[in-house]
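Novice: Protein chains in written order, with my numbering: chain A, 9 to 247; chain B, 9 to 247; chain C, 9 to 247; chain D, 9 to 247; chain E, 9 to 247; chain F, 9 to 247.
Treat the hints as calculated values from the structure; they're not laboratory data. Don't take every hint at face value.
The list treats identical chains as interchangeable, and a pair is accepted whether it falls inside one copy or across any two copies.
Claimed, not checked - With a straight-line cut-off of 16 Å between C-alpha atoms, the simulated EDC-like cross-links for lysine to aspartate or glutamate are:
| id | residue 1 | residue 2 |
| --- | --- | --- |
| 1 | Lys-229 | Glu-199 |
| 2 | Lys-236 | Glu-180 |
| 3 | Lys-206 | Glu-173 |
| 4 | Lys-236 | Asp-203 |
| 5 | Lys-229 | Asp-32 |
| 6 | Lys-35 | Glu-225 |
| 7 | Lys-229 | Asp-203 |
| 8 | Lys-37 | Glu-225 |
| 9 | Lys-11 | Glu-40 |
| 10 | Lys-200 | Glu-173 |
| 11 | Lys-129 | Glu-180 |
| 12 | Lys-129 | Glu-241 |
6 protein chains.
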Amino acid sequence: MPKIMYIDPVGPKGACPKLKNDLDRIKQKNTEVEFTCLKKGPEHLEYRYYEALILPELLDTIRDLETKEYDAAIIGCFYDPGLYEAREILNRMVVTAPAEASLHIAATLGRKFSILVGRLKWVPQMMENIMKYGLKDKLASFKSLEMGALDFHMDENITLSKMKEKALEAIELDGAEVIILGCTMNFGFYEKLQDQLKVPVIDPAIAALKYAELLVEIRDKLGWYTSKKYAFETPPDLR
Amino acid sequence: MPKIMYIDPVGPKGACPKLKNDLDRIKQKNTEVEFTCLKKGPEHLEYRYYEALILPELLDTIRDLETKEYDAAIIGCFYDPGLYEAREILNRMVVTAPAEASLHIAATLGRKFSILVGRLKWVPQMMENIMKYGLKDKLASFKSLEMGALDFHMDENITLSKMKEKALEAIELDGAEVIILGCTMNFGFYEKLQDQLKVPVIDPAIAALKYAELLVEIRDKLGWYTSKKYAFETPPDLR
Amino acid sequence: MPKIMYIDPVGPKGACPKLKNDLDRIKQKNTEVEFTCLKKGPEHLEYRYYEALILPELLDTIRDLETKEYDAAIIGCFYDPGLYEAREILNRMVVTAPAEASLHIAATLGRKFSILVGRLKWVPQMMENIMKYGLKDKLASFKSLEMGALDFHMDENITLSKMKEKALEAIELDGAEVIILGCTMNFGFYEKLQDQLKVPVIDPAIAALKYAELLVEIRDKLGWYTSKKYAFETPPDLR
Amino acid sequence: MPKIMYIDPVGPKGACPKLKNDLDRIKQKNTEVEFTCLKKGPEHLEYRYYEALILPELLDTIRDLETKEYDAAIIGCFYDPGLYEAREILNRMVVTAPAEASLHIAATLGRKFSILVGRLKWVPQMMENIMKYGLKDKLASFKSLEMGALDFHMDENITLSKMKEKALEAIELDGAEVIILGCTMNFGFYEKLQDQLKVPVIDPAIAALKYAELLVEIRDKLGWYTSKKYAFETPPDLR
Amino acid sequence: MPKIMYIDPVGPKGACPKLKNDLDRIKQKNTEVEFTCLKKGPEHLEYRYYEALILPELLDTIRDLETKEYDAAIIGCFYDPGLYEAREILNRMVVTAPAEASLHIAATLGRKFSILVGRLKWVPQMMENIMKYGLKDKLASFKSLEMGALDFHMDENITLSKMKEKALEAIELDGAEVIILGCTMNFGFYEKLQDQLKVPVIDPAIAALKYAELLVEIRDKLGWYTSKKYAFETPPDLR
Amino acid sequence: MPKIMYIDPVGPKGACPKLKNDLDRIKQKNTEVEFTCLKKGPEHLEYRYYEALILPELLDTIRDLETKEYDAAIIGCFYDPGLYEAREILNRMVVTAPAEASLHIAATLGRKFSILVGRLKWVPQMMENIMKYGLKDKLASFKSLEMGALDFHMDENITLSKMKEKALEAIELDGAEVIILGCTMNFGFYEKLQDQLKVPVIDPAIAALKYAELLVEIRDKLGWYTSKKYAFETPPDLR
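Okay, chain A solo, but in the shape it has when bound (with noise of 0.2 Å):
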C-alpha cells in the first residue's frame, strides 16, 4: 500500500488542500495520498528567488519523510523545485515533479506538445527543465494566459476560455497534438478543456501521481531506482 505525500511548496497561504481532492479520486485503489505544505514560504513560486528560499525546508522534509517510510514525495510545482537535489539526497524514497511526469507522458500520448503558461516569465526557468530532461525536440511551443498563479480560479470560466483559445492556436498553428496545462494551480480544469479540444490535456499534478505510482512500483518489483552514479550520487554524510 504506498503511501504518497503531496507537498505543496509553499507556505500555508499559498497552499491549495483541496487539490487533494482530485489526486484521490484518480489514485489507485489501494495508494495513499496525504497533503501537505511548507511551514513558511511565498504563497507562490513564479520567481527563482521564491523556489531558493524554500528549498531547505522542502529537501528537509523531504528527508523526513523518508525516515518516515513514505514511499514517494510529490513537489508540488510545475518548476520542479529541488526534483534533482532531493534524488540527490534519497536512497529509497521515490520523488516526482508535475513538469518531468507530464512531459514523458505527453511524449508518448503525441508527437508534440504544447505547454500553457501563465506568463512569459515562466519560460525560460521551464525551458531550462525541458532541455534538463532532454525532450526539447517534442516542445510545439508555449502560450501564455498572461495570469499569474493565484489568478486561475478568480473566474474560471474566463480562465477555461483563455486556455481554449490559447490552445487552439497551439494545436491550429504550432502543431500541437497534447496540451500540457503548466501549473499545478490549473487543477480542476483539464477534463472540461480535453472534451472541447478533443486532444489530450495534461493536468500536471495528476501526471506526477501516476508517475509516482509507476516509480513506486518498479522499484518494488524491478528494483528500478534512482541511480547512485554521478548526478544523483548521495552526499557521503547523508547515505
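Model the placement of chains B, C, D, E and F on the given structure of chain A, informed by the hints.
Specialist: Relative to chain A, chains B, C, D, E and F alone:
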C-alpha cells in the same frame, strides 16, 4: 482488469513464449497478460526488410485485438516496429513497445543511459527511434555485444559476462547512469546485471508492460489517450 | 543505357501513369524510364498504415527489378516508403525516392527550403525523414495547402494559386529560398510556380529521377554504391 | 572605483581567503576586491543538496551587498549556484560567476575548450549550465582528475601533474584549444599549466573578476545591465 | 596604455570616421582609439563578394598594426569579416569584431537576444557566424528593418521608429530580452532605444571596443591570448 | 556539351594539372573538362589566411568564366573557399566544390561518414562548412593522417597504408559507413582504398565534377539554379 497481449512479432519458430513468465511475475495483480506470435515470419527482426515483411500481419493482429476488447498490445521488439502505425489505426486500445517505454523510464532514473545492442548493425535504426522519441540528449552511448538476437541464451554465462564488460565501459567511459538492454531476447538478465553493476538495468519487455499498464490506467481514469490530431490521425475507413 | 523503373507505390486505381510524360521529357538521352504500380493497394499513402500495407509488395517488386537487371528503381511517394529497406536488400541496383533527392538538391540551391504539404497530418512523418537524412537545419518551414493527395488536379488553377500563396508566405515570413513540392502528385506545377516565384521549385518525382541517374552513373564509373556496412547490411539469405 | 565582493559560498571552515591574493594581483588598478564567506554552510559544494542549503544565505548576502552599494558580487563556485536567482533580485549591482565568465572568455580564445573537473559526479550539473548558457557546441570534453574540491592543494605537484596529463588528452584526443579549470579551488595552477601546455588555461575565479569588471563598466558607461524582461524579472516586493 | 585601431573595412567613400566619437566617449581612460579605413574598397559590405574583395588589404592592415605594436584591432563590420583569419596570423595583437563581442555580452545580460538587421539578405551569413560562435540557442530572432547599411542616418527619426517597432515585436512575440543592433552603421541609436524599450540595446561597435579592452587586459595580466592550437595556428612563414 | 573548368585555387607552383586525368576518365561523354590555376598564390590552402589571399583572383576568374559561357566551375579545394561568394555573383554559371558535393553524395550512400584530413588544424574550418551545409548529424568523425596537403604523393604506399588504418578506425570505432577523402590532393587513392575497405570511398574532386554535371543538367532542363533570394542575392552592380 486490464487484458494485455504481448505480441512476439516473429514467426512461431523464433517466438519465445517463456518470456511470458517474466511478465506474469511482475504484472500488476489485476492485469492479465497473454502471449502470441505471428502465423508466419522470420525468426528475428535484425533487418529492416524482415520488419517490413511482418508489418501487415502485425497490424492486422493489433486491429483484431482492439475488436476483441483487449486493453493493450505490446509489440515485443526493441525496434518498436509498427508502433506509430498501430497508434494511427487504434481508437481505444493502448499499444506500447520496448524501446519507447525503456527510454522514458531510464530518462527518469538517471541523466544518461547507454543501450547494449547485439550488433552495430542495429544502431542506425535505433538511433532513428531515439531521435523520433526526442530523447537523443539522454543517450550516453550504444555498446555492442557482438551477438545476434538468437545467441543470447546459448551460453548465458558468456552473455552475462559480456553484458557486464560493456555496461562497465558505458558507465566508466561514457558517463552512463542507467543501462538499457536493447533486445527483448535479453530477458532473464537484468536482475543479475543490476546486482553486479549497482545501477538500474532496464529489461525492455518488462518496461513495455509497465508502460502499458500506466497508459491503460490513465486512459480509463483520465481520458488521456493517443492524440488523434496529426501524427496519429486514423484513416477514415478505420475510424 | 540506364533502365530505370518508376514505381507508383499504390494500387492501379490511384496510380498516375501520365506522370511518366514529365519524366520522359527531362530524362537523360540514354535513360529508359518505365512506369509501374502495385497490383493491389490503397489509392494514396497519406497514412502510415497504408504504407505498411504496401511495403511487402513494394519490396518484392524492387527485388524483382534487380533480378531483371534494372539499373534503378524510384519509389514514387514523398514519404520515401521502403527506401532504407530497399537499400538493405539490394546488392547492385540503385534506389531513390522523392524526398531524399529533393532535399539534397534543394540544400545545394539555397540555404533554406520550405516544403508544401497537402495536410498538416503529413508533417510529423516527413520531419522524421528530414531528421533521418540529417538535413533538419536547412528546413525553413512546412506549409500546408489543406488538400489531399488526390485533390491537386481537380482544379489546377486553384491548386496553383494556393501553392503560390503558401510559397510566398514561406519565402517572405520563414526565409525560404527554395520551394519543394511535398507530394509526387504535385506533378505539372513546378514550372509555372517557378516562373511566378523567381526561386527554384523542386518537383520531387523529377528530382528522384535525376538523383537516380546520378547514382547509377557513380556506381558504374566509380564503384560508389550504397555502403553495406551497418545501416544497409543485406540479410544473409538475400546476399 | 568599483567595489567588488568575492563570496566564497561555503562556511568558514571551507572558505579560502588566500584566493584573494590572486584576485588582488590581477584586478584593475581602481578596483577594490573584498572577500567573504557564509556564516554557516558545508566545506564544499560538490553536491546539489549542499548548494540548496546555502542558497538563502547566499542570496541574502548578495541583496545586502546591493544595499551597501557594492558594484558587483562574484559567486565563487564553478557550479555558479544562485547566479540566475541573484540576477533576478538585483536591480543595480552586477553579479558574475566562474563558469559563465570562463566559458565566454574561452569561447573567444579558441574554437573548443575542455573543462578539468574534480570528479565525474560534477559533469551532469556543469553540462546543464553549459546548455543554459547556450555554449554546448564549444565544449570539446570534460576530463576528470578524480580529486575532491578539497584535495587540490594537498600535494600541488601531484595535482599539477594530473592536470597536465588530462589537459594533454583533451588537446590531443578531443581537439581542445583552451583548458578551463573547473573549480575555484584550482587557484594557483593556471600559470604553470599554461607555460607547459602552450594553450590558454582559464582560472575561473580570475575570469569571474575580469567579467565583473567588464559588466560594471558597461553598466556605468552604457547602461547595459541585466535585462529585467522575462528571465530576470524582479519579484514585485524586491523592486 | 592600450592602443586600439578601429578599422572601418570599406573604402574612404563609405567610411564613417565620426563613429570614433562614440568610441572615445566610452573607452577606458588609458585606452587610445584610432580610426582607419581601407585605401580602396566598396562603400558597404552587404554582399559576401564585397567582403572577399577587401580581405587581403584588411589582413595586411592588421598585420601591419601588429608590427607597429598596436594592442588591438577592431574589424568594424557586423559580419566580422576576416576575424578568424586575423586571429590565425597574429601572434600578440588582439583582434575583435562587433558580432562576436555583442553576442557574448548579450548572452550574459539576458537569456535570449534578437538582432535587428538591415535586410533579410544579411540573415544567412550572420546565422553562420552565430553557429560558428556556438551561441545559436541564445538567439530569439532576427528582425529586418528593410534598410540598407547606408540608409540608417538618412532620417534618424524614421530609423529609430522602425527600430523600436521591430524590437518590440522581438520582445513581445519572440521572447527577446536583449536587442542587438546588427550593423556598425547603427551607431548613435542605442541609448534612445534603450530608454524607450527598457531592455539593454547593444551597439556593436562599442561592444567590440569593450571586448578589445578586456582581451588586451587578460593578455597582459594573465597570458590569456588566442590559442595557437588548431583553429588559429599561424602559417609557418608568419610566425 | 557542358564546358566545365576545374580551378586549382593555388599558384602555379602548387597546382596539380595531372588531376585532370582522373576527371577526364570519369566525366560524362559530352562534358569537356579544362584545368586552370591562379596566376599567383600559395602552394596550398591549409591556412585561412592563404584562402583569404586568393579569394579576389579566384572570384575574378569565376566571373570571367561566366562571361566566356562556361557551364560550370569547380573550386578545387576541400575547404570550398569562395563557394558561397561565387554563387552570389553568378547569374547563370554553376559552381561546385569538393566538400559540399562529397557530403551530399556520401549522405545518400550511407548513414554516417567520416572524413580523412591531413592535419587536425583542418578540422575546425571543415566543421564550420558541415554545419553551414546542414549535415552535421551525418558526420561520424574526422580522422587525421598527420600529413600536409603536399605530402600525400611523396610515398603513396605510406599514404595509402595510413589512410587504410585511419579509415578502419572510423568504421570500427566511430560507426562510419562511407569514407570521404578530405583533400583534393588525395587524388589517385580512392579506388585502391575502396577495394580494401569494402565501403564507398569518395574522391572529392571527382564528386565535385559529378555534382557539377548534375547541376548543369537540372539548370538546363528544369531551370533549377541557385536561388537569388537572400543568401545568394547578387550585388546590384553585377546583375
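Novice: Checked against the structure, which of the hints given earlier come out wrong?
Specialist: Of the numbered hints given earlier, the structure breaks none, since each of them holds.
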